[in-house]
Each structure stands twice: as structure tokens, then as C-alpha cells.
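> Sequence:
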Amino acid sequence: MITNDVDLAARKIYASVADRLTCNYDEFADLIQDWIIIPMYEQQRVIGGIMVRGNELHVGMDRPNYGARTYLKVIQDTLDQYGTAVTSIMKTNLPGIKFCERLGFQITGVTRDRYVLTMRECKICSKRST
Numbered sequence: 009m010i011t012n013d014v015d016l017a018a019r020k021i022y023a024s025v026a027d028r029l030t031c032n033y034d035e036f037a038d039l040i041q042d043w044i045i046i047p048m049y050e051q052q053r054v055i056g057g058i059m060v061r062g063n064e065l066h067v068g069m070d071r072p073n074y075g076a077r078t079y080l081k082v083i084q085d086t087l088d089q090y091g092t093a094v095t096s097i098m099k100t101n102l103p104g105i106k107f108c109e110r111l112g113f114q115i116t117g118v119t120r121d122r123y124v125l126t127m128r129e130c131k132i133c134s135k136r137s138t
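Note that the sequence shown covers residues 9 to 138 in my numbering.
Hints were generated in silico from the structure; no laboratory data involved. Some clues are possibly wrong.
Cut-off 35 Å, straight-line C-alpha distance, at most; resulting in silico cross-link-like pairs (DSBU-like, lysine-lysine) [unchecked claim]:
hint: 1; residue 1: 20; residue 2: 99
hint: 2; residue 1: 131; residue 2: 81
hint: 3; residue 1: 106; residue 2: 20
Fair warning: this is a prediction, and the values are worked out from it, not measured in the lab.
Please put together the full structure from these sequences, using the hints given.
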């Protein structure tokens with residue numbers, strides 16, 4: 009049962025990656041208990057969320073390219089607090105890789121199926137997040 013916007017955002021994050029996971033939503037929810045979930049909105053409707061743990065960020069949503077203002081603010085807040093932001097992305101997610109690179113993330117590591125990306129400065133945050 010969905011109880012609030014944070015729960016709905018977590019469910020949308022899960023839905024955006026469910027095809028790549030080997031767990032159900034309840035198991036996923038247990039795994040992300042120590043993450044902060046920030047809902048992303050479009051026209052007052054939750055369209056996804058941002059998972060934050062320290063300087064690590066992950067985004068999942070049902071409407072790509074929406075909710076950018078929230079994401080840019082979270083990135084800038086993370087950079088201000090930690091000096092860097094990190095994320096990872098599937099090697100096969102070419103649009104996502106291009107999006108991350110446009111923001112200022114650079115590939116700093118590689119695993120079997122993912123790139124690890126690090127950002128020290130957001131290329132567009134100051135232009136849009138205010």
C-alpha cells in the first residue's frame with residue numbers, strides 16, 4: 009500500500025530498474041532503507057525520485073527529462089556539501105550516459121555492466137536550479 013509521496017517515489021525508482029534487478033519491491037525497499045528518497049514532481053504528481061546516500065545519487069522516474077529542477081538542486085547541494093557527486097549507470101543506457109555527461113559527470117570507473125561516474129562541478133546547475 010502506498011502511504012505517501014516518498015513511498016510512491018521509491019516505487020517509481022524501483023519500476024524504472026525492475027527489469028535489471030533480481031528482487032521484488034519489498035526486498036528493494038529493505039535494501040534502500042538507509043537512503044534518502046526525494047520525490048520528483050510534474051504538475052503536483054510524483055513522477056519519480058532521487059535516491060541519496062552521502063554523495064551518491066541515483067534517479068528513477070517514469071517520465072525521462074522531467075523533474076530536472078529538483079535533480080539539479082540535489083546535485084548542487086551534494087557538491088556543496090561533499091565536493092563531488094557520484095552515480096553509476098548501465099553501460100547499455102546510452103541516453104542516460106549522454107545526460108550524465110551533459111551535466112558534468114565523468115566516467116571514473118568501470119564494472120562488468122556499469123560505468124561509475126563522478127562530478128566535481130555541475131555544468132548546468134547554476135543556470136537552472138535557482
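> Compare the structure with each hint and give your call.
Hint-by-hint comparison with the structure:
With a C-alpha separation of about 21 Å, the suggested pairing of residue 20 with residue 99 holds against the 35 Å cut-off. Only pairs whose Cα atoms come within 35 Å are accepted, and residue 131 paired with residue 81 is accepted, the gap being roughly 13 Å. Our distance criterion of 35 Å between C-alpha atoms is met by residue 106 and residue 20, whose separation comes to about 22 Å.
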